[in-house]
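Protein chains in written order, with my numbering: chain E, 1 to 310; chain V, 1001 to 1514; chain P, 2001 to 2323.
Honestly, I wouldn't trust all of these hints.
Within a straight-line C-alpha distance of at most 16 angstroms, the following computed EDC-like cross-link-like pairs (lysine to aspartate or glutamate) qualify [to be verified]:
#	chain 1	residue 1	chain 2	residue 2
1	V	K1128	E	E166
2	V	K1212	V	D1472
3	P	K2316	P	D2285
4	P	K2153	P	D2180
5	E	K114	P	E2067
6	E	K121	P	D2180
7	P	K2106	P	D2088
8	P	K2269	P	D2088
9	E	K167	V	D1126
10	E	K167	V	D1148
11	P	K2320	P	D2285
12	V	K1128	V	D1148
13	P	K2166	P	D2118
14	V	K1412	V	E1352
15	P	K2274	P	D2088
Honestly, the hints are just simulated from the structure, not real lab data.
This one's a predicted model, so the numbers in the text were calculated from it and none came from an experiment.
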Amino acid sequence: MKGLLSWNVLSGILNTMIGLATPFLFAALGETFAQTAGVVNLGVDGIMLLSAFAAFYVTLSSGSLALGLLAALLVGLAMGLLMSFVSVTLKAEQGVSGIGLYMFGLGMSSLLFKVLIGTVKTVDGFKPIAIPLLSNLPFVGPILFRANILTYCAFLLVPASWWLLEKTNLGLKLKAVGQNPAAADSVGISVSRVRYLAVCMGAVLAGAAGASLSIAQLNLFQDNLTAGQGFIAVALVYFGGWRPVGVLAGALLFSVANSFQLWVQVLGVKVPSSLAVMLPYVLTILALTVTANRARQPAALNKPFERGES
Amino acid sequence: METKAAASKAAPAKPGRVEMRDIVKCFPGVRANSQVCFDVSPGEVHALLGENGAGKSTLMRQLYGMYQPDEGEILIDGLPRSFRSPADAIRAGIGMIHQHFMLVPTLTVAQNIALGERSGRWPLADTKRVVARVRDLAEEYGLAVDLDAYVWQLSVGEQQRVEIVKALYKGAGLIILDEPTAVLTPQEVDDLFVTFRRMVAEGHSLIFISHKLGEVMAIADRVTVLRDGQAVGSRMISETNRDELVHMMVGREIKQLEPRALEAGASRLRIQGLRALGDRGTEALCGIDLEVRSGEIVGIAGVSGNGQRELAECLAGMRAASAGTVCLNGRDIGAASLNERVDAGMAYVPEERMRDGAIGEFSVKENVFLHDHAARRFRRGIFMKARAMNEHAAELVREFSVKTPSLDTPLKTLSGGNIQKLILARELSRSPALIVAAQPTRGVDVGSTWYIHQCLLQQREAGTGVLLISEDLDEIRALSDRIAVIYEGVIVGIVERDSASVQEIGLMMSGVGA
Amino acid sequence: MKGKSKLIGLVLAALVATGAAAAPVKIAVIMPSATTDAAFSQSMWGALLSVQKELGGEAAISLKYTENMWNVPDAAAAIRDYASSGFDIVIAHGSQYGSSIQEIAKDFPKVTFAWGTDVNTYGLPNVYAYTAAAEQGGYVNGVLAAKLSKSKKIGVTGPIEVGDAKTYIDGFVQGVQSVDKTIVISKTWTGSFSDVALMTAAAQTHIASGADALTGSSQSVVGSIGAAKGKGGVLWFGTQADQAGLAPELVVASQVYDWTGMLKDILAKRKAGKLGGVAYTLTLDNAGLKVAYNPAYKLAAAVKAAGDAAISGISKGTIKVNP
Chain E
1 MKGLLSWNVL
11 SGILNTMIGL
21 ATPFLFAALG
31 ETFAQTAGVV
41 NLGVDGIMLL
51 SAFAAFYVTL
61 SSGSLALGLL
71 AALLVGLAMG
81 LLMSFVSVTL
91 KAEQGVSGIG
101 LYMFGLGMSS
111 LLFKVLIGTV
121 KTVDGFKPIA
131 IPLLSNLPFV
141 GPILFRANIL
151 TYCAFLLVPA
161 SWWLLEKTNL
171 GLKLKAVGQN
181 PAAADSVGIS
191 VSRVRYLAVC
201 MGAVLAGAAG
211 ASLSIAQLNL
221 FQDNLTAGQG
231 FIAVALVYFG
241 GWRPVGVLAG
251 ALLFSVANSF
261 QLWVQVLGVK
271 VPSSLAVMLP
281 YVLTILALTV
291 TANRARQPAA
301 LNKPFERGES
Chain V
1001 METKAAASKA
1011 APAKPGRVEM
1021 RDIVKCFPGV
1031 RANSQVCFDV
1041 SPGEVHALLG
1051 ENGAGKSTLM
1061 RQLYGMYQPD
1071 EGEILIDGLP
1081 RSFRSPADAI
1091 RAGIGMIHQH
1101 FMLVPTLTVA
1111 QNIALGERSG
1121 RWPLADTKRV
1131 VARVRDLAEE
1141 YGLAVDLDAY
1151 VWQLSVGEQQ
1161 RVEIVKALYK
1171 GAGLIILDEP
1181 TAVLTPQEVD
1191 DLFVTFRRMV
1201 AEGHSLIFIS
1211 HKLGEVMAIA
1221 DRVTVLRDGQ
1231 AVGSRMISET
1241 NRDELVHMMV
1251 GREIKQLEPR
1261 ALEAGASRLR
1271 IQGLRALGDR
1281 GTEALCGIDL
1291 EVRSGEIVGI
1301 AGVSGNGQRE
1311 LAECLAGMRA
1321 ASAGTVCLNG
1331 RDIGAASLNE
1341 RVDAGMAYVP
1351 EERMRDGAIG
1361 EFSVKENVFL
1371 HDHAARRFRR
1381 GIFMKARAMN
1391 EHAAELVREF
1401 SVKTPSLDTP
1411 LKTLSGGNIQ
1421 KLILARELSR
1431 SPALIVAAQP
1441 TRGVDVGSTW
1451 YIHQCLLQQR
1461 EAGTGVLLIS
1471 EDLDEIRALS
1481 DRIAVIYEGV
1491 IVGIVERDSA
1501 SVQEIGLMMS
1511 GVGA
Chain P
2001 MKGKSKLIGL
2011 VLAALVATGA
2021 AAAPVKIAVI
2031 MPSATTDAAF
2041 SQSMWGALLS
2051 VQKELGGEAA
2061 ISLKYTENMW
2071 NVPDAAAAIR
2081 DYASSGFDIV
2091 IAHGSQYGSS
2101 IQEIAKDFPK
2111 VTFAWGTDVN
2121 TYGLPNVYAY
2131 TAAAEQGGYV
2141 NGVLAAKLSK
2151 SKKIGVTGPI
2161 EVGDAKTYID
2171 GFVQGVQSVD
2181 KTIVISKTWT
2191 GSFSDVALMT
2201 AAAQTHIASG
2211 ADALTGSSQS
2221 VVGSIGAAKG
2231 KGGVLWFGTQ
2241 ADQAGLAPEL
2251 VVASQVYDWT
2261 GMLKDILAKR
2271 KAGKLGGVAY
2281 TLTLDNAGLK
2291 VAYNPAYKLA
2301 AAVKAAGDAA
2311 ISGISKGTIK
2321 VNP
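Just need the whole structure built from these sequences, with the hints factored in.
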């Protein structure tokens, strides 16, 4: 236990946490937009998978990380359009269409991987960028200011999302459409258009989450690379009470629990590994029960909008 | 001065004469409007009168661009216009205040008003401009609103004010108000009418949708009556009277209710020191004492949210009391379950009829037997006696004139009035000793309301005790032998039917006159 | 006419007979991961392909596979489908499939089943079992790692502490300790076979805590390569399949499972009419296990000599490794 308390280990835990939190932040903040506008997109994991593949494949074949990232974002956008078409235009049950999207992403990424790559390959992903001066700060420097560009983006996205939701005209529209679509409609806002936008924004960010896995953190692609991270991201949105700062708290909590349990094992603390790996999930469930607050849940979440139904 | 100039510049021109010609609108299975003609002149209050389901809201939603007419045309100042969405109607200077307010509860008042407006500070939401202009509007029309409050914090009356301010802010010259008084106290209605008059004086025209005759007579210049989707006729208010309008609305004579004088008999319900918590964990009932005797209707009057719902739920056994006793026919039923209370002779007509009184997806017949499916005369062993059940259901439907295509129709497709009649039929068929009726005619048409009132009076004559909880003061005053006024969980006063004026009761309801 | 028809009959019979002789042996294999996993499943699929090539190609042996059968009920259904659709040999390549084999094999007495890694044939005449003495190669890798580690810290990662993953690591620990008892070995288990991100984080954690040599069950190789790439000086020791191709700069040596000998033996026994009942164990001695040095890694001769000594010691029985 003594080993656990050293500065070195603490810094290691926090450093791992920052890395693990990156895809969660992208995906969960994106999902926050979609859900604020009243659409639950359960297909996040599928979008992440297909985007992760696209980013990896394009980077592998072109050698350009920028092109890889762009490919991931475009795949995200396409998947977002698909999801909005099915759930907004066709008004299909959101849960089912989201799961459908997930299955599509899972199967498609696996198939393309098999056909186009087929084996374990790696790329040189985004390298950590040390921010001058800040990265030399004791303790926090190595933790916060020596990350890759996507991690910086993910963390900057938290205040950006807050600003967008709370301060901008678009934020007002998103909330109105998610809380009372009839009210938005009655003042001339196109509910469909706003929902399309929200779902697509979310999907593009899920694409970024996929890219952050395959070309920044892991630098490879495997079948089911995300291993359900997209679903955890959806849960983090509930956890965070549909607020960016809450999502940040949830992503950090989940990630720190994971990195903590890894360190506990590495340092040989006498805890059965099966208990250690449960820790993040147990902690998340506990935190959810303690903080469960549906007061902020968008009232029209999961409900397709039909004019004149009231 | 400068802001005022900006305000008038931003406002669209007030529409002049608005005319709807031969409007036809069909929904699957329903012809909601057929060949309806309707017009409004500038500076006029035009009431649109009709029962629920007569097609009033449908007609107005077409004027507001929410629906498009199947046939017919809409003219503004003589020019045909077609509105494909509310945005088009708003641009043409038309505003609408819906029965269910079109407000987003989690946004502030200012944000709600800014919603859908072009922002002057894009991409930021422009609430600054809202603040400046609303100040002028508030001055001009006497409409005070707290711009920084969240909508969920506001009372219903305040929310309605926000809706009116919002419509004015958007520059509406013609405002459609869909049943605006349904949720207000008498005082609030008076205030609203004052606002109406100021708006008309400023040159606005109003369309006032209602089924309440008294209000129509009080505020409108002209009235058009709709019945079954057709315009029955238009009258100047000065040239018509109540009876004529009722006749136009219902299609037949409706006799005024005249409860016979009766001696109240033995105690049916006795409530002593009843206390209970509300949904938010605060005390909603703070010591209620009340008695209802045989052959008596006791009305509970009060502004919504003063403990009426909790009282009804406590009596029905759906909410636990924290203190006090409830006796039915002298027997303490405080700890009894809902079923035991029904067996002891209580009938309950709930406020949320689709939540607590019936199951919308079930058929009419199944709803009749929600409680009684296990009664001996409807079952043989564990099997239901289909024929006996069919006959019983058919009899009730006939007797209470419930309009339904068949016994197997899902209940939710019936109108509010018919659903309520069915629930009442079910409850009364058990010959109860006490009826607890919570908002029995809310959202129910005039004909059905009259019928339900008749039923309650008949029950009274048959010796049943009736506790009538209603936010409609006219209803309370028409039926009750005694009126108990509830305010913040306490009965602040009990008056005999004819001994108190509306104003006195209204003051008690607002906690002043007690 | 009669003679002619007799002749035709003979020709037909001959044709049928040669046809029957030419019909290939049909083998199906059910695997828990992908045939391209560079580890457990790939080791079996690769062995099958090389046996097929050696014994006469597709004319002699026809192969079918079903991969990614994490879900045991799905795998059981696949096993039954293959058995009932005329396959001669059905291989269930995963210790989690044991109970399915026990149940299904009884219903298809003419079909040969093989499963592993385990030693239990359930007393059934048509079931072969196979396993690998993974601790032996583990020991050799342990010796190499101990000789090469400068920080005297070694990290072990894997999904779950069971099966040959566990025996491999037990052998590895014994190998390390035979060289230097002061070396610290820390282990992390991620609890998931598919969570690459977490495996990567686990490997990163080891590296951050000072480990300069890593090993672990095969599934974790991918994450470890991701983590170690670009760090320099971190070594990887593989198992189950030759993992040198994945990261030539990291891999020192891999314990390789070579199932070909066992497969050929099963085919021969089946031809001779013995449908099952034998349990195989791959060892260094019977050449089922091999230690493949990565040719791209410049291994010091003294270290390689220590590794070779361990191999021969285990083969001869002078070094005992406990599973």
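Original post:
Between P:K2316 and P:D2285, does the CA-CA distance stay at or below 16 angstroms?
Top reply: Since the Cα atoms of P:K2316 and P:D2285 sit roughly 8 angstroms apart, the hinted pair holds (cutoff 16 angstroms).
Subject >> Hinted pair E:K114 and P:E2067, Cα distance within 16 angstroms >> reply: Given pair E:K114, P:E2067 holds - Cα atoms ~12 angstroms apart, limit 16 angstroms.
Subject >> Restraint check for V:K1212 with V:D1472, where alpha carbons must lie at most 16 angstroms apart >> reply: 11 angstroms, holds
Original post:
Between E:K167 and V:D1126, does the CA-CA distance stay at or below 16 angstroms?
Top reply: Holds: E:K167 and V:D1126 sit about 9 angstroms apart, inside 16 angstroms.
Original post:
Under the criterion that the straight-line Cα-Cα distance not exceed 16 angstroms, is the pair V:K1128, E:E166 satisfied?
Top reply: This hinted pair holds, its Cα atoms lying about 15 angstroms apart.
Subject >> Given hint V:D1148 paired with V:K1128 - CA-CA distance at most 16 angstroms >> reply: Holds, because 11 angstroms separates the two Cα atoms, which is no more than 16 angstroms.
Original post:
Between E:K121 and P:D2180, does the CA-CA distance stay at or below 16 angstroms?
Top reply: Distance of about 35 angstroms is beyond 16 angstroms: violated.
**OP:** Would you check the hint for P:K2269 and P:D2088, treating anything up to 16 angstroms between C-alpha atoms as holding?
**Re:** Distance of about 13 angstroms is within 16 angstroms: holds.
Subject >> Straight-line alpha-carbon gap P:K2166 to P:D2118, limit 16 angstroms >> reply: 13 angstroms, holds
Original post:
Is P:K2106 close enough to P:D2088, meaning Cα to Cα at most 16 angstroms?
Top reply: This hinted pair holds, its Cα atoms lying about 15 angstroms apart.
Subject >> Restraint check for P:K2274 with P:D2088, where alpha carbons must lie at most 16 angstroms apart >> reply: 12 angstroms, holds
**OP:** For the pair supplied as a hint, P:K2153 and P:D2180, confirm whether the alpha-carbon distance does not exceed 16 angstroms.
**Re:** 11 angstroms, holds
In this structure, the one hint that does not hold is number 6.
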